[in-house]
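Please construct the entire structure, taking both the sequences and the accompanying hints into account.
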Amino acid sequence: MSDRTIQARPAAAAGALVATLSGPSGAKPKRRLSGRNIMIYGTLFVAAAYYLLPLYVMVVTSLKGMPEIRLGNIFSPPLEITFEPWVKAWSSACTGLNCDGLSRGFWNSVRITIPSTIISIMIASINGYALSNWRFKGADFFFTILIVGAFIPYQVMIYPIVIVLREIGLYGSLSGLVIVHTIFGMPILTLLFRNYFASLPEELFKAARIDGAGFWAIYFRIMLPMALPIFVVAMILQITGIWNDFLFGVVFTRPEYYPMTVQLNNIVNSVQGVKEYNVNMAATILTGAVPLLVYFISGRLFVRGIAAGAVKG
Amino acid sequence: MTGHAQAGRPNRLLRNLNAKIASIPMMLTAVVIFLGGTLWTVLYSFTNSKLLPRLKFVGLEQYERLWSTPRWLMSIENLAVFGVFSLVFSLLIGFVLAALMDQKIRFENTFRTIFLYPFALSFIVTGLVWQWLLNPEFGIQSVVRSLGWTSFDFNPLYNQEIVIYGILIAALWQGTGLVMCLMLAGLRGIDEDIWKAARVDGIPTWRTYVFIIIPMMRPVFITTLVIIASGIVRVYDLVVAQTSGGPGIASEVPAKYVYDYMFLAQNLGQGFAASTMMLLAVAIIIVPWAYLEFGGGRKRV
Amino acid sequence: MNFRAIAAALAATVAIPFAAANATDLEVTHWWTSGGEAAAVAELAKAFDATGNKWVDGAIAGSGGTARPIMVSRITGGDPMGATQFNHGRQAEELVEAGLMRDLTDVATKGNWKEVIRPASLLESCTIDGKIYCAPVNIHSWQWLWLSNGAFEKAGVAVPKNWDEFVAAAPALEKAGIVPLAVGGQPWQTSGAFDVLMLSLAGKDVFLKVFGDKDAEVAAGPEIAKVFKAADDARRMAKGTNVQDWNQATNMVITGKAGGQIMGDWAQGEFQVAGQVAGKDYSCLPGLGVNEVIATGGDAFYFPVLEDGEKSKAQDALAETLVDPKTQVAFNLKKGSLPVRGDVDLDAANDCMKKGLDILAKGNVVQWTDQLLSPDSQKQKEDLFSEFFANASMTPEDAQKRFADIIAAAD
Numbered sequence: 001m002s003d004r005t006i007q008a009r010p011a012a013a014a015g016a017l018v019a020t021l022s023g024p025s026g027a028k029p030k031r032r033l034s035g036r037n038i039m040i041y042g043t044l045f046v047a048a049a050y051y052l053l054p055l056y057v058m059v060v061t062s063l064k065g066m067p068e069i070r071l072g073n074i075f076s077p078p079l080e081i082t083f084e085p086w087v088k089a090w091s092s093a094c095t096g097l098n099c100d101g102l103s104r105g106f107w108n109s110v111r112i113t114i115p116s117t118i119i120s121i122m123i124a125s126i127n128g129y130a131l132s133n134w135r136f137k138g139a140d141f142f143f144t145i146l147i148v149g150a151f152i153p154y155q156v157m158i159y160p161i162v163i164v165l166r167e168i169g170l171y172g173s174l175s176g177l178v179i180v181h182t183i184f185g186m187p188i189l190t191l192l193f194r195n196y197f198a199s200l201p202e203e204l205f206k207a208a209r210i211d212g213a214g215f216w217a218i219y220f221r222i223m224l225p226m227a228l229p230i231f232v233v234a235m236i237l238q239i240t241g242i243w244n245d246f247l248f249g250v251v252f253t254r255p256e257y258y259p260m261t262v263q264l265n266n267i268v269n270s271v272q273g274v275k276e277y278n279v280n281m282a283a284t285i286l287t288g289a290v291p292l293l294v295y296f297i298s299g300r301l302f303v304r305g306i307a308a309g310a311v312k313g
Numbered sequence: 001m002t003g004h005a006q007a008g009r010p011n012r013l014l015r016n017l018n019a020k021i022a023s024i025p026m027m028l029t030a031v032v033i034f035l036g037g038t039l040w041t042v043l044y045s046f047t048n049s050k051l052l053p054r055l056k057f058v059g060l061e062q063y064e065r066l067w068s069t070p071r072w073l074m075s076i077e078n079l080a081v082f083g084v085f086s087l088v089f090s091l092l093i094g095f096v097l098a099a100l101m102d103q104k105i106r107f108e109n110t111f112r113t114i115f116l117y118p119f120a121l122s123f124i125v126t127g128l129v130w131q132w133l134l135n136p137e138f139g140i141q142s143v144v145r146s147l148g149w150t151s152f153d154f155n156p157l158y159n160q161e162i163v164i165y166g167i168l169i170a171a172l173w174q175g176t177g178l179v180m181c182l183m184l185a186g187l188r189g190i191d192e193d194i195w196k197a198a199r200v201d202g203i204p205t206w207r208t209y210v211f212i213i214i215p216m217m218r219p220v221f222i223t224t225l226v227i228i229a230s231g232i233v234r235v236y237d238l239v240v241a242q243t244s245g246g247p248g249i250a251s252e253v254p255a256k257y258v259y260d261y262m263f264l265a266q267n268l269g270q271g272f273a274a275s276t277m278m279l280l281a282v283a284i285i286i287v288p289w290a291y292l293e294f295g296g297g298r299k300r301v
Numbered sequence: 001m002n003f004r005a006i007a008a009a010l011a012a013t014v015a016i017p018f019a020a021a022n023a024t025d026l027e028v029t030h031w032w033t034s035g036g037e038a039a040a041v042a043e044l045a046k047a048f049d050a051t052g053n054k055w056v057d058g059a060i061a062g063s064g065g066t067a068r069p070i071m072v073s074r075i076t077g078g079d080p081m082g083a084t085q086f087n088h089g090r091q092a093e094e095l096v097e098a099g100l101m102r103d104l105t106d107v108a109t110k111g112n113w114k115e116v117i118r119p120a121s122l123l124e125s126c127t128i129d130g131k132i133y134c135a136p137v138n139i140h141s142w143q144w145l146w147l148s149n150g151a152f153e154k155a156g157v158a159v160p161k162n163w164d165e166f167v168a169a170a171p172a173l174e175k176a177g178i179v180p181l182a183v184g185g186q187p188w189q190t191s192g193a194f195d196v197l198m199l200s201l202a203g204k205d206v207f208l209k210v211f212g213d214k215d216a217e218v219a220a221g222p223e224i225a226k227v228f229k230a231a232d233d234a235r236r237m238a239k240g241t242n243v244q245d246w247n248q249a250t251n252m253v254i255t256g257k258a259g260g261q262i263m264g265d266w267a268q269g270e271f272q273v274a275g276q277v278a279g280k281d282y283s284c285l286p287g288l289g290v291n292e293v294i295a296t297g298g299d300a301f302y303f304p305v306l307e308d309g310e311k312s313k314a315q316d317a318l319a320e321t322l323v324d325p326k327t328q329v330a331f332n333l334k335k336g337s338l339p340v341r342g343d344v345d346l347d348a349a350n351d352c353m354k355k356g357l358d359i360l361a362k363g364n365v366v367q368w369t370d371q372l373l374s375p376d377s378q379k380q381k382e383d384l385f386s387e388f389f390a391n392a393s394m395t396p397e398d399a400q401k402r403f404a405d406i407i408a409a410a411d
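Here the protein sequences come in this chain order: A, B and C.
Under my numbering, think of the first position of the first sequence as 1, with each following residue one higher.
Under my numbering, think of the first position of the second sequence as 1, with each following residue one higher.
Under my numbering, think of the first position of the third sequence as 1, with each following residue one higher.
Please keep in mind that the hints were generated in silico from the structure rather than gathered at the bench.
Some hints could be false.
[Claimed, not checked] 25 Å max Cα-Cα, derived SDA-like pairs, lysine to any residue: (1) C:K161 - C:K355; (2) B:K20 - A:L224; (3) B:K56 - C:D129; (4) C:K311 - A:L224; (5) B:K56 - C:K214; (6) C:K229 - B:P70; (7) C:K214 - B:R65; (8) C:K131 - B:P53; (9) C:K175 - B:G148; (10) A:K137 - B:M27; (11) B:K20 - A:D211; (12) C:K46 - A:D100; (13) C:K214 - B:E64; (14) C:K214 - C:A408; (15) C:K239 - C:G342; (16) C:K280 - C:L346; (17) C:K362 - C:E124; (18) A:K137 - B:A22; (19) C:K401 - B:L60; (20) C:K311 - C:D49; (21) A:K88 - C:G35.
[As the list claims (entries may be wrong)] Short, incomplete list of chain A residues facing chain B, as computed with Cβ under 8 Å: (22) Y50; (23) W134; (24) F136; (25) P153.
The beta carbon of each residue, even a glycine, is placed where N, CA and C say it ideally should be.
So, in structure tokens, the structure goes:
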């Protein structure tokens, strides 16, 4: 079972662990067309319709011309497919004097997301490792604050963080933004990693200790390779969160680093006469494309990763 | 906790030194940002700071004003309604979907992707799409009416009595997929033998879920609760994108009050007082629980 | 990416003839992103680029509500832009007091701003402790009722000449399936509409007593009760608007879906972009056709203190350019607002703008609530009126009581 999808070879050990967890465990259905099956699939299909409807409307709308949108209903497929809105959203929609659509922000989003994701995950994984395997006095105190921190609304923290960044001279820079993302990603990620490392067999750690391995040696040689499933989960969560962020991107940086979401906001909110719903929808899909792609590609690993780690407390 | 590093305890500070060094970023974040930021906010909530923070103390004035502001009271009420429903429905829908997915069904991957993909989209996008779907002039209402059911009335975003449910629909759409995944992962972590034993004893399926499986999934529920609840307290973008708090003040939420008064009204003191109330509420509910759950005293698997 | 290079190249070719290639980039932030607004900003940018510098546009969409926090954070965070828009009035007061904003007195003296800028209250809003800190660019007046001629024709009634006629025509409009009054959902729109009703129906003196002297007794009195009565009418007439943005509401008037809208003169830019002609396709009633007074709200640019000497020079150049007669004409024609100086010629102005200019020349002006009230009191007022307009069960009496409380506590 484990060899089915886990692609990375170093994860073999973790894969073995996942294997025991990943099969469906519910009661086995007996017959193909039992009333029970009809109920199960019926419910799933109804639910699927609710989840798919908005995406369908988004795609369909983005392919229509404005006259058709004004006349028709939002669910009807386009009579005449046009990619104009997509082109416009990507390269020529205007805000103020800048008429270069979303393309301006795409690379900025990449430049923000990659370092923020890597750094926040590295730090959180080390935190989790220290918290579960090397507990020191007071560690719980910090961890409790961190968990409570997960509940603090971002808006509340803007002002203090502006001051902190100003004092260390990083306000308005890319590094400043990376730090902010690392800070706000830390609570949930640390929780995930801590739970994951706590669920690994204790003997592994003990054996390494007896062999004389220290803090970093155990982390890099044993824990890191074992933690691949949870790294995937953390990566997915962070890419999604950081890519979709608007508030921090706009408050803590300067325009040359504005992420794509800022352009999205600009396009959607700059009404020039009539709202161009087709362009808005195309812009929306384009902005969501990267996280969506990540989900479609690694969605299966996501559930496995969670199954392997987050569920053990 | 499974790890043990406290075997011996000579020279306390140096013991575990590497772990302490490695935890510096965490300590700094916890103490400087979360704790420091909180204390700073509380301190300045007693001042009459306007656009810039200034230490001119006015006692409890900001709090008196806060609690006599209709909009704040409305925000609290909305958060309570939204919070309760969103918690209950997220867990319910998430669990039911997960339980269905766990029945060795076909197309599991497809269904999972369908349920999970909205989570990849931001609240801003979610808000926009649902604003569009729920718009009475061309959304669901108008489409159903054009099919012949002319008295069909489904206009949550422009009706102040039910607007908060319009936001709830969008929030559930975005978030339940993740809950489903977490629950599914939890179900997959349950030993098959337990099911077998339950079947041998002739316990009905629903009883097995309620009395055996769910209690065994406690850790999953805790992780899920942290994620859902923190999302509820922070709800902001979705409201802004969907209704901007309207119609009127019918869908205002506390985080938006904080932001609006800090930055739009340029009354930091008022914004900080509202923040402090939010932090206080979080602290009263979360801190004792978090300490019990994650604190030193208890030992769990 | 490519765009940058092209833009830079273009800018360079424009700049060289004027100045010896030492173009300084100056980032200017503002929230002008609707069709008419963007066209107006382009005029400012063109004029500034012609001085040999380069306007780097930092537009943030979503009206001042989204943009202002970002601007303030950047200024207080120590990474300020070159220049930024604020409304006339008290929004930047504390930034100036904290020494974060640049003193423009020299530029103002050189350009003789004290003489040319009218009404004088505009420059007063920019002046703190005798020094001038901002360059006003336009006068926006809120006190306009925009009417769709087509909508009234369809309903079979004459286009109203004042507020009362408009209220009287509402049932006919409704019968024809037209929303009588378009009011967008954003809070500033409802609160602005109320202020307009007050100034137009209760008159300048009452208006100034309430907002200038913060006289809570007047605010609780019979004159204001009348205004709340009118607001109640407006609330009834606005039922069924179902849009958020002001220009979507304007668009309802343009397309004849709504009879009218109380909105500032910036709405004019939208009519213009839609190719409509004042008098023929739409009508405008300054002061709601009752009391022809306009307020002198509007926009001004502030210049944060920068360390780079070159940039400071560019800031001076921008401040000069903004007030320059030629820029004033080009910008304000596109924006639909009135110029801040009386010595310019606005032949190209349309009927509605001319009406505004007339009133301005007569001196029937009053300071607007942005200048009279703190942003805090403004926000409280917005909360009250957005609730009032959305909640039909809130009586005018209750609303007036709360209004008087806000005025009593206002600063």
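To see whether the hints hold, each was checked on the structure:
no., hint, in the structure
1, C:K161 - C:K355, "holds, 14 Å"
2, B:K20 - A:L224, "holds, 19 Å"
3, B:K56 - C:D129, "holds, 22 Å"
4, C:K311 - A:L224, "violated, 50 Å"
5, B:K56 - C:K214, "holds, 24 Å"
6, C:K229 - B:P70, "holds, 22 Å"
7, C:K214 - B:R65, "holds, 18 Å"
8, C:K131 - B:P53, "holds, 24 Å"
9, C:K175 - B:G148, "holds, 23 Å"
10, A:K137 - B:M27, "holds, 13 Å"
11, B:K20 - A:D211, "holds, 22 Å"
12, C:K46 - A:D100, "holds, 18 Å"
13, C:K214 - B:E64, "holds, 21 Å"
14, C:K214 - C:A408, "holds, 6 Å"
15, C:K239 - C:G342, "violated, 41 Å"
16, C:K280 - C:L346, "holds, 21 Å"
17, C:K362 - C:E124, "holds, 20 Å"
18, A:K137 - B:A22, "holds, 14 Å"
19, C:K401 - B:L60, "holds, 24 Å"
20, C:K311 - C:D49, "holds, 14 Å"
21, A:K88 - C:G35, "holds, 16 Å"
22, Y50, "holds, 7 Å"
23, W134, "holds, 4 Å"
24, F136, "holds, 4 Å"
25, P153, "holds, 4 Å"
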